[in-house]
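Chemist: Sequence:
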Amino acid sequence: MAAHDIEKMWENLLKEDIGSRVQIIQEIHELILAGEIEVAKGLLRTLIKVTCGYPAISDEVGRNSKSIMRMLSPDVDPGVKAFMAVVRAAERQSEKAAARAKIH
Numbered sequence: 002m003a004a005h006d007i008e009k010m011w012e013n014l015l016k017e018d019i020g021s022r023v024q025i026i027q028e029i030h031e032l033i034l035a036g037e038i039e040v041a042k043g044l045l046r047t048l049i050k051v052t053c054g055y056p057a058i059s060d061e062v063g064r065n066s067k068s069i070m071r072m073l074s075p076d077v078d079p080g081v082k083a084f085m086a087v088v089r090a091a092e093r094q095s096e097k098a099a100a101r102a103k104i105h
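Heads up: the sequence shown runs through residues 2 to 105, numbered per the numbering used here.
Heads up, none of these hints are tricks.
Computed cross-link-like contacts, DMTMM-like style, restricted to lysine to aspartate or glutamate with a CA-CA straight-line distance of at most 20 Å: (1) Lys82 with Glu39; (2) Lys82 with Asp60; (3) Lys97 with Asp18; (4) Lys50 with Glu17; (5) Lys16 with Glu92; (6) Lys50 with Glu28; (7) Lys97 with Asp60.
These are computed hints drawn from the structure, not numbers from a lab.
Quick caveat, the model's predicted, so the values are computed rather than measured.
Please work from the sequences and hints to get the whole structure.
Modeler: This is the structure:
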């Protein structure tokens with residue numbers, strides 16, 4: 002399966018199943034602990050794209066959205082502090098999106 006197809010599969014799953022967002026965030030944390038940063042960044046990019054977009058993350062962490070996109074690009078070392086700030090912001094934004102979905 003092509004990488005683009007896998008990304009689309011994740012996007013569809015995350016849009017349809019709010020509970021899967023929690024699992025993805027847990028998976029991102031596990032990948033980080035296992036040293037699989039590139040895979041974690043890929044999942045994080047998909048999660049951000051589906052749940053809130055880069056501007057919401059940018060507002061929360063106080064960085065330009067283009068800077069966050071670069072940080073999550075393959076083969077870029079984002080720095081632990083900045084990367085974890087983005088992970089935590091994505092987690093909070095995902096929770097907000099889930100709460101909004103429950104209301105509607």
